[in-house]
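Residue 17 is where the sequence shown starts when you use our numbering, and the numbers rise one by one after that.
Hints may be right or wrong, so weigh each one.
Claimed, not checked - Derived CB-CB ranges, DEER-like:
{"#": "1", "residue 1": "Arg80", "residue 2": "Asp55", "range": "20 to 26 angstroms"}
{"#": "2", "residue 1": "Asp56", "residue 2": "Ile35", "range": "30 to 36 angstroms"}
{"#": "3", "residue 1": "Glu101", "residue 2": "Arg53", "range": "32 to 38 angstroms"}
{"#": "4", "residue 1": "Cys113", "residue 2": "Gly57", "range": "31 to 37 angstroms"}
{"#": "5", "residue 1": "Asp99", "residue 2": "Asp67", "range": "16 to 22 angstroms"}
{"#": "6", "residue 1": "His100", "residue 2": "Cys37", "range": "28 to 34 angstroms"}
These are computed hints drawn from the structure, not numbers from a lab.
Since we're looking at a predicted model, the values are computed, not measured.
Idealized CB from N, CA, C, for every residue including glycine.
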Amino acid sequence: MPSLTTYRNVAGDQPLPYIECDRSIRTIYSRIQHYIRKDDGSCSLCGYFRDKIGTRNGFEPDARLILHAQINVIHELFERNGDHEMVSLLQRVEDDCC
17 MPSLTTYRNV AGDQPLPYIE CDRSIRTIYS RIQHYIRKDD GSCSLCGYFR DKIGTRNGFE
77 PDARLILHAQ INVIHELFER NGDHEMVSLL QRVEDDCC
């Protein structure tokens, strides 16, 4: 009979490297707002986010749901701006939180 995969089998005595989902989601919203504020009107993705999320900051009850629904567009915004730190965080949030 195969052994079961459990938390203890995977982590031993060490905690798994989970992220703080709510804080990470607020960080992503903050960076989106940064790009919206910095836009001179030439960023179509910023205009899209201006309409979709307005002034949201990630503290709203549906922040995770909206982030999940817009994950591909958010990824594109960060990629276009060369924001590799946020691309990485977004991938972790998608894997661990959504």
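Going through the hints against the structure:
Range check, Arg80 to Asp55: about 25 angstroms between beta-carbon atoms, so the 20 to 26 angstroms window is met. Restraint check, Asp56 to Ile35: a C-beta distance of roughly 33 angstroms satisfies the suggested window 30 to 36 angstroms. In this structure, Glu101 and Arg53 break the distance hint of 32 to 38 angstroms, their C-beta atoms being roughly 18 angstroms apart. About 32 angstroms separates the C-beta atoms of Cys113 and Gly57, a value consistent with the hinted range of 31 to 37 angstroms.
Judged by the Cβ atoms, the range 16 to 22 angstroms given for Asp99 and Asp67 holds: they are separated by roughly 21 angstroms. Here the CB-CB span from His100 to Cys37 is close to 21 angstroms, at odds with the stated 28 to 34 angstroms.
Hint violations for this structure: numbers 3 and 6, all remaining hints satisfied.
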